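Chain residues, written in single-letter form:
There are 4 protein chains.
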Amino acid sequence: MLFRSDNVTAVCPQVIAAILSVNEGDAAPYGADEVTGRLDAAFGAYFGTEVFVHPVATGIAANALALAAAMPPPGAAICHENAHINTSESGAPEFFSGGGKLIVLAGEHGKLSAEAIARRLASLPPDRLQSAPPTVVSITQGTEAGTVYRLDEIAAIAEVCRRRGLVLHMDGARFENARARLGVSPAEASWRVGVDILSYGATKNGAMCADAVVIFRASPHAEALNRFMGQRRLRAGQVFSKMRYLSAQLLAMVEGGTAAHNAAHANAMAERLSSGLAAIPGVRLVHPTEINEVFVVLPDTVRANLAAAGFAVRPRPEDPSLIRLVTAWNTRKEDVERFLAAAAGIRVAA
Amino acid sequence: MLFRSDNVTAVCPQVIAAILSVNEGDAAPYGADEVTGRLDAAFGAYFGTEVFVHPVATGIAANALALAAAMPPPGAAICHENAHINTSESGAPEFFSGGGKLIVLAGEHGKLSAEAIARRLASLPPDRLQSAPPTVVSITQGTEAGTVYRLDEIAAIAEVCRRRGLVLHMDGARFENARARLGVSPAEASWRVGVDILSYGATKNGAMCADAVVIFRASPHAEALNRFMGQRRLRAGQVFSKMRYLSAQLLAMVEGGTAAHNAAHANAMAERLSSGLAAIPGVRLVHPTEINEVFVVLPDTVRANLAAAGFAVRPRPEDPSLIRLVTAWNTRKEDVERFLAAAAGIRVAA
Amino acid sequence: MLFRSDNVTAVCPQVIAAILSVNEGDAAPYGADEVTGRLDAAFGAYFGTEVFVHPVATGIAANALALAAAMPPPGAAICHENAHINTSESGAPEFFSGGGKLIVLAGEHGKLSAEAIARRLASLPPDRLQSAPPTVVSITQGTEAGTVYRLDEIAAIAEVCRRRGLVLHMDGARFENARARLGVSPAEASWRVGVDILSYGATKNGAMCADAVVIFRASPHAEALNRFMGQRRLRAGQVFSKMRYLSAQLLAMVEGGTAAHNAAHANAMAERLSSGLAAIPGVRLVHPTEINEVFVVLPDTVRANLAAAGFAVRPRPEDPSLIRLVTAWNTRKEDVERFLAAAAGIRVAA
Amino acid sequence: MLFRSDNVTAVCPQVIAAILSVNEGDAAPYGADEVTGRLDAAFGAYFGTEVFVHPVATGIAANALALAAAMPPPGAAICHENAHINTSESGAPEFFSGGGKLIVLAGEHGKLSAEAIARRLASLPPDRLQSAPPTVVSITQGTEAGTVYRLDEIAAIAEVCRRRGLVLHMDGARFENARARLGVSPAEASWRVGVDILSYGATKNGAMCADAVVIFRASPHAEALNRFMGQRRLRAGQVFSKMRYLSAQLLAMVEGGTAAHNAAHANAMAERLSSGLAAIPGVRLVHPTEINEVFVVLPDTVRANLAAAGFAVRPRPEDPSLIRLVTAWNTRKEDVERFLAAAAGIRVAA
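Chains as they are written, first to last, in the numbering used here: chain A, 17 to 366; chain G, 17 to 366; chain V, 17 to 366; chain B, 17 to 366.
Extracted from the complex, chain A is given alone in its bound form (with noise of 0.2 Å):
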């Protein structure tokens, strides 16, 4: 099945290449090594600032590891309510967190609004002992709607954060999508319009099975947030004994230009994927294609001629109506237009 997501695909060469690199000889366990010595100066090289790196083995611990960190009991998270951790985490921000409560907020096309924020904040007084302070906002770029908050609108988020005291999370499983999106450096993307703390999303961008979280040293969260990640991170199960082997995926995407070359190219064919099924008469665009996901409603005929050709396409259990095409670091341009070919009844094989 083409475009089923972009944790299906297989690993990049440069990350395969990077773990054999590293397989020789002895190392010290548990990140005393040298391979993860280097993650905060190659993160740091590559952000433009000082940063704490932590490697982790999923994105789902990144963002429960980062919103723990940031919302020690009793705090609360406020985040869209089709936020990964929302829809998608099983409930372990909260489980990680001791109880965190997770705070949802609607919003167009996948986004939180400053307004919205600082509306709800506004109805939940700081010292209110029995709701859960909020302590964290958590933003998702590239969205779960396929779309990029502005740096204009993370920035007015950050800035809501800021005279609150609250932590701003991005959850980037597609930082590097949004990124190249918006054609801005990992510094312009990130710390310098206010984000604390980041799960970087490496995986979903041709990784194996490592995503970090990445503390921004200038926020002023910094050391409370890194003192709880380099503390409990063991006792979370995410302290890995050969830790060189996810260090070194996460060096092979940020030295080099594999992340930026990788998020690229499925941008591309995402918007290719896009601007060909809205070609199509009757197929509609439910938010605007922004990074590497696909949000259309198909037609009958539509949906007809693409099961004729073999190509199977999946509804989304929230509207059955509602179908999401996902490209990746090795999507092939022939399949796009043989599946386009195929969506406009012109006969191909699957």
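No wet-lab data here; the hints were simulated from the structure. Accuracy of the hints is not assured; some may be wrong.
Since copy identity is lost for identical chains, a pair holds within one copy or between any two.
No more than 25 Å apart at the CA atoms, straight line, and that leaves these computed lysine to any residue pairs for SDA-like [what the hints assert, rightly or not]:
no., residue 1, residue 2
1, Lys349, Pro141
2, Lys349, Ala294
3, Lys349, Leu18
4, Lys349, Ala284
5, Lys349, Ser129
6, Lys349, Thr317
7, Lys349, Ala44
8, Lys349, Val51
9, Lys349, Glu40
10, Lys349, Ala238
11, Lys349, Gln146
12, Lys349, Pro149
13, Lys349, Asn39
14, Lys349, Asp42
15, Lys349, Arg20
16, Lys349, Pro88
17, Lys349, Gly41
18, Lys349, Ala323
19, Lys349, His100
Here the structure is a predicted model, which is why all the values come from computation and not from measurement.
Start from chain A and add chains G, V and B according to the hints.
For chains G, V and B alone, kept in the frame of chain A given last:
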């Protein structure tokens, strides 16, 4: 300050008498005493069916433990966005359940509809690993908006639960007020319309520090819920060495009509307050007044009148124009009348 | 059954009077009332130093929250293997602390020694990521063996804690019994010998359902401990809407000498019981009787004598030959004498 | 530094080959892929019985989740005081189980005895509400002392568990080393002697970042344990989007004899190291060397010899005179001989 809440009141005489009546001699600790031993039978008689009763010291503990019993990991609960469990329990349900997720829905006048629940459930396939699967629906009766679910509304929700194997939990902090309003028996108000587990509120209704988790044995979930409560309550810090003093409070409420009497009085006072205020020009009732809570928007003149007479009112954090007035078992008719007169601009002593 | 425990007793008259005395008028909920507002000052006067006081409904809640405050993840607590927190709280400290580890040590007559603690700490480098680093030492005063730490023994433990930056927690379920035995002031028995945080037991000593976490403000850990307690207690289900009724119980204990009086009486009764039993041939005291608990091994003849007279005794689960007898604030001298006479084979009415 | 641990090694060629072999094409995420789909059958063939297999990324995650499955609240686990789960997992078992208690016992050479377990169980009545009731016994095979439980020792422990309805968990971080020592089949080393659930260690034995929880379906506890693992692993952050890469590592270990071969080699190297050191005057073996770990006390002369030759050794935190030397799948015979020569004072190049 009048009408601030029903949890600011003193303890009613019947509860005081009950406490004093058990203050004699030794009694086995941790609930093995004879007073506690009478709870199941007394509540069984009250509800007209066999029940398991677990005393706790706070309404939050009742809700958090009942929900923890009903959403073992990785379960989730569906509730109204304004439910007390979501807005005013500081993440206790999430904490006690080990990360249980609250899935919030909107709904007019504080009520969930069976349709809205069914729609959300349809979007959450029970076998989708990433979602915390809903295992319980929690409704508040009377609601946080001072309204009451009709019996057919509850039965419709219960039917949705039954079809999906979900537990139906009722946060009955104001169960007796709702029951008084509906004019039905405890049985009709609970298990006969499909409630599996009830947080039975006594403290707001005149007790000192006692609420109860009531499990209806006819429920297909009863054994599992009861096993959890029995085993888990101690780890939760909710098993009392001198439990007879909590049990006596609960018995006092359901034996001899105290609970019903207290609730009916509070409702009557709220009804008078509500109709009196509604008759004043410019006053707007935000929700129908169906139990002991009145939600009104007051015009500036009325606010000024009240202030001039020395009556304080507190705007709601979520909406400063909104005022909540709560009556209780011991609200005095003359206080209601003085308040109404003052609101209408008639000179009274506050 | 006589001498079963000190938690089987009724509530002492002073506590009943205190409860009745606050049962008048409305009071702000959740601890914002005036009675609760007097706690810090009253306990401050009692302890001769500034304190923060947090009422809870059970001793387990007191210990579990105090330890949770003192071992934020990934912390651990060092305690005696027979400590109540280890043997009789069903994992509550581990649960409330989010996985806090109990590190247990042996020690004669229920007491930890400063040397044993220091030795264990030396084997646990504070920077070893894999160990949960000890952040608190918990001692029970009087101990679970019915003995009492001497002041110099506590001071020595406190010094070990101080050198490593650890909190010293005292489980004071029988603090007053120990203090009566030592003949020292509340100050001398606690913060002056280095205790940072105390679970102050009132329920066993004559209250109904009230214990307190007392934090000594002179402690370098006071602010952090207090912040945790203040914020976290509600999520733990230990904030009471009508808190005045718990606070009144606590005030009754420390104001007017009730706590001291009750404890001294219980101790005296235990001393008589202990010396009387020890004088019977074949009876062996297992621990010195220093508070209100007597631990004895009874020969078969004595058991038969007691049974013949209708006195039940319960063997300890950990050792069926061992009997624990506990006296309380209301133990009657004549019951002690009858029990002793029966044990000695003199015919009495049980 | 030689012989520091078996978790400092590189990944063995067979595991690397397995990873590369699955790096082709798309695969369903979160374990729905074909490689993962082969795990149950492959491990079933290996163990000669039907099993459920759950891949995780760390040994701590394997143990913590297996124990969480086996001690739902308010359960407890009995283990050796030096068990990895007690000394080196930072409270992860307590955290993942929602407050599960570890009850620790002493035992010679790292081993629990059936008698000691039975004795402790006898002191903990299963219906005593205050104790966290033991629901699982956890043994480590090979032990943390480098020794091995004999099959009859395990069977005796299993019989104690069976009589009380407890789960028998085996922390098999070095299961293969123990099995190689015993010279028995995987079946004989596990379920045939009563093991219900096994943390199967692959990482220390040559894999990259993969261990597995193996549940033996013949166990009466299998369904409950498996349901927990299947549902709970995602909330724990241990479900991998690209799970095939973990599953491939596990398959590489059990298919084609890699696990057995690697373990046998490590054992042989340890045996040579052990016997060589024991032959040096003044060297004392603290435990018999039965797997790939050597525990020795070295006299000053030997330490000086090693230091002179440039060999570093690390004293154990719990006892600075104690040295642990660990061999691995890739330990080179010449390194062992050089180390022994140096220890004996023969000049070698480090």
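Hint check:
1. Lys349 to Pro141: neither (52 Å within a copy, 33 Å between copies)
2. Lys349 to Ala294: So Lys349 and Ala294 pass the 25 Å test inside one copy only (17 Å; across, 66 Å).
3. Lys349 to Leu18: within (12 Å within a copy, 51 Å between copies)
4. Lys349 to Ala284: within (9 Å within a copy, 54 Å between copies)
5. Lys349 to Ser129: So Lys349 and Ser129 fail the 25 Å test inside a copy (35 Å) and across (47 Å) alike.
6. Lys349 to Thr317: Within one copy only: 24 Å inside a chain, 70 Å across chains, cut-off 25 Å.
7. Lys349 to Ala44: Answer is between: at 21 Å across copies they meet the 25 Å cutoff, but 43 Å inside does not.
8. Lys349 to Val51: neither (35 Å within a copy, 27 Å between copies)
9. Lys349 to Glu40: Result: close only across copies, 18 Å inter versus 37 Å intra.
10. Lys349 to Ala238: neither (42 Å within a copy, 47 Å between copies)
11. Lys349 to Gln146: neither (54 Å within a copy, 30 Å between copies)
12. Lys349 to Pro149: Answer is neither; intra-copy 48 Å and inter-copy 38 Å both fail.
13. Lys349 to Asn39: Between copies, since 20 Å is at most 25 Å while 34 Å is not.
14. Lys349 to Asp42: between (42 Å within a copy, 16 Å between copies)
15. Lys349 to Arg20: Within. Shortest intra-copy distance 16 Å satisfies the 25 Å Cα cut-off; inter-copy 50 Å does not.
16. Lys349 to Pro88: This pair counts as neither: shortest intra-copy Cα distance 46 Å, inter-copy 46 Å.
17. Lys349 to Gly41: between (41 Å within a copy, 15 Å between copies)
18. Lys349 to Ala323: Intra 20 Å, inter 61 Å, cutoff 25 Å: intra-copy only.
19. Lys349 to His100: Answer is neither: 28 Å inside a copy and 51 Å across each miss the 25 Å cutoff.
Violated hints, in rising order: 1, 5, 8, 10, 11, 12, 16 and 19; the structure is consistent with all others.
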